[in-house]
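Student: The primary structure of each chain is shown beneath.
2 protein chains.
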Amino acid sequence: MVEPVNLAEKFALIDEYWSPRIAGEINDFHVKLVKLKGEFVWHHHEQEDELFLVVRGTLCIQLRDRDLWLREGEFAVIPRGVEHRPVASEEVHVLLLEPDTTVNTGNVQDEHTRPAQWI
Amino acid sequence: MVEPVNLAEKFALIDEYWSPRIAGEINDFHVKLVKLKGEFVWHHHEQEDELFLVVRGTLCIQLRDRDLWLREGEFAVIPRGVEHRPVASEEVHVLLLEPDTTVNTGNVQDEHTRPAQWI
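Same order as they appear, the protein sequences are chains A and B. Going by the working numbering, 840 is the number at position 83 of the first sequence; the sequence numbering is gapless. Going by the working numbering, 872 is the number at position 115 of the second sequence; the sequence numbering is gapless.
Just chain A, with the same shape it has in the complex (with noise of 0.2 Å):
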């Protein structure tokens, strides 16, 4: 059945930061809902790009050899292999983009890590 999703709506249902949710599935990819707030871990993906759309607030996502800043309505292609940090020092909301294989957290294992459930 297909059915709107309203990003809205969704990114109300979302009550814990740093956390996606899959809000759709496009052959072997998804899309993800995840609201930022405070600084994440530096990591990267071995074999999957990834894209960030900022849809509310304001988005700095740190490389080795700069900040990105991602305004709403902006999005970049972090690809694989590039080390990268999210920080958002006032709530954001991102929509992901990125194969179904992407973990949150990359090569990197820890505290962040959370496995990614439909909302």
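Keep in mind that the hints were calculated from the coordinates and are not lab data. All of these numbers come straight from a predicted model, not from anything done at the bench. Among the clues, some could well be false.
It does not matter which identical chain is meant; a pair holds if it fits inside one copy or across any two.
[Unchecked claim] Simulated crosslink set (DMTMM-like; lysine to aspartate or glutamate; CA at most 20 Å straight-line):
1) Lys794 / Glu782
2) Lys792 / Glu848
3) Lys792 / Glu831
4) Lys792 / Asp772
5) Lys767 / Glu840
6) Lys767 / Glu805
7) Lys792 / Glu766
8) Lys792 / Glu847
9) Lys767 / Glu796
Since the structure of chain A is already known, use the hints to place chain B on it.
Tutor: Leaving out everything else, chain B in the frame of chain A:
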């Protein structure tokens, strides 16, 4: 080089309806931006699911058994094999997410068919 992509700035560059432009690549997927106005052709995609995210305006995606309405901030995934026809009474800005093999008119080859170019 990882750079931010501003959706509004990219849409401002598009001067043709129904002609998706590639704005990002994530593994073997493309993010495409397209302006829609009027009625498209009925088609389906044999292998590719297709995500429509409405960035501005209201989109009707006709399915064979009903109409699917998407407002700003809403998306839907049309599964492979499902016949659909986008219709927009007013200009709509849509972000598409789909495998890089996707042709805009799917199984149909007609005057609406466009190769997607980078923007």
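Student: Against each hint, give a clear statement of whether it holds in the structure.
Tutor: So, going through the hints one by one against the coordinates:
1. Lys794 / Glu782: Neither. Shortest intra-copy (25 Å) and inter-copy (27 Å) distances fail the 20 Å Cα cut-off.
2. Lys792 / Glu848: Close inside one copy (7 Å), not across copies (31 Å); limit 20 Å.
3. Lys792 / Glu831: Close inside one copy (16 Å) and across copies (17 Å); limit 20 Å.
4. Lys792 / Asp772: within (8 Å within a copy, 34 Å between copies)
5. Lys767 / Glu840: neither (29 Å within a copy, 27 Å between copies)
6. Lys767 / Glu805: neither (25 Å within a copy, 25 Å between copies)
7. Lys792 / Glu766: So lysine 792 and glutamate 766 pass the 20 Å test inside one copy only (13 Å; across, 25 Å).
8. Lys792 / Glu847: within (10 Å within a copy, 32 Å between copies)
9. Lys767 / Glu796: neither (23 Å within a copy, 30 Å between copies)
Of the numbered hints listed earlier, those contradicted by the structure are 1, 5, 6, 9.
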